[in-house]
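Engineer: Residues per chain, in single letters:
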Amino acid sequence: EDQVTQSPEALRLQEGESSSLNCSYTVSGLRGLFWYRQDPGKGPEFLFTLYSAGEEKEKERLKATLTKKESFLHITAPKPEDSATYLCAVQAQGAQKLVFGQGTRLTINP
Amino acid sequence: EAGVAQSPRYKIIEKRQSVAFWCNPISGHATLYWYQQILGQGPKLLIQFQNNGVVDDSQLPKDRFSAERLKGVDSTLKIQPAKLEDSAVYLCASSRPFDSYEQYFGPGTRLTVT
Numbered sequence: 001e002d003q004v005t006q007s008p009e010a011l012r013l014q015e016g017e018s019s020s021l022n023c024s025y026t027v028s029g030l031r032g033l034f035w036y037r038q039d040p041g042k043g044p045e046f047l048f049t050l051y052s053a054g055e056e057k058e059k060e061r062l063k064a065t066l067t068k069k070e071s072f073l074h075i076t077a078p079k080p081e082d083s084a085t086y087l088c089a090v091q092a093q094g095a096q097k098l099v100f101g102q103g104t105r106l107t108i109n110p
Numbered sequence: 001e002a003g004v005a006q007s008p009r010y011k012i013i014e015k016r017q018s019v020a021f022w023c024n025p026i027s028g029h030a031t032l033y034w035y036q037q038i039l040g041q042g043p044k045l046l047i048q049f050q051n052n053g054v055v056d057d058s059q060l061p062k063d064r065f066s067a068e069r070l071k072g073v074d075s076t077l078k079i080q081p082a083k084l085e086d087s088a089v090y091l092c093a094s095s096r097p098f099d100s101y102e103q104y105f106g107p108g109t110r111l112t113v114t
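So the protein lines, in turn, are chains A and B. For the first sequence, my numbering assigns the number 1 to the initial residue and increments by one for each residue that follows. For the second sequence, my numbering assigns the number 1 to the initial residue and increments by one for each residue that follows.
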């Protein structure tokens, strides 16, 4: 069964304090790994898709990386507006559904 | 481009009552998904449609949940009868034909069963 585990569950940082969120996964053949951002009371917002080990993608202060067993979401010099829950999901080969982790709740204090 | 629309945004019902949620996907998106998100957890797929047809409903509790997508556009998810454990946010998402990598989510319907 495909599984996704995210750590930590919650993370508090000061504005400008860089850190990384972890997403460990087991899947029967990875088709894609996805990162989403979810603000309170809203649906998840798509950030990145990674397809193969070694791939990296960047968007503003966020950079996502992928290995054969895990993905990291690096946040550089975060701002309070980066506060949100970040969700990781995997899609297996031959499947279309996404299997999500439980998310990391990130809080950036000014 | 308009996003995925859902209604209602909030619903409170008593256990054993029935409830229905509506979703209108992004125009041109052939694939539609319903997810259940319990507080503190990630979304879990309930059912996936490709046009009018069901692709995956393996995690849909079929004794109480049903869904339909008439004419390959709007979709309705129904719960009858509701249980306390059905309290959750119900998210609808859609994606383009032949491109299920990027799923776009609606704002969700928060259901509270008392």
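Certain hints may be false.
To be verified - Straight-line distance between alpha carbons at most 27 Å, and here's what the computed DSSO-like set of lysine-lysine pairs gives: (1) A:K63 - B:K44; (2) A:K42 - B:K11; (3) A:K69 - B:K11; (4) B:K44 - A:K57.
To be verified - Simulated coverage check for chain B against chain A, where a stretch passes if three residues somewhere in it have a Cβ under 8 Å from a Cβ of chain A: (5) 67-73; (6) 101-107.
Unchecked claim - Computed from the model, here is a short list of chain A residues facing chain B with C-beta under 10 Å: (7) Y36; (8) G103; (9) I108.
Hint data in this document are derived by calculation from the structure and do not stem from the laboratory. We treat Cβ as the ideally placed atom computed from N, Cα and C, and that holds for glycine.
Engineer: All hints, please: hold or fail.
Structural biologist: Each hint, compared with the structure:
no. : hint          : result
1   : A:K63 - B:K44 : holds, 25 Å
2   : A:K42 - B:K11 : holds, 15 Å
3   : A:K69 - B:K11 : violated, 40 Å
4   : B:K44 - A:K57 : holds, 25 Å
5   : 67-73         : violated (count 0)
6   : 101-107       : holds (count 7)
7   : Y36           : holds, 8 Å
8   : G103          : holds, 6 Å
9   : I108          : violated, 20 Å
Hints 3, 5 and 9 from the earlier list are contradicted by this structure; the remaining hints agree with it.
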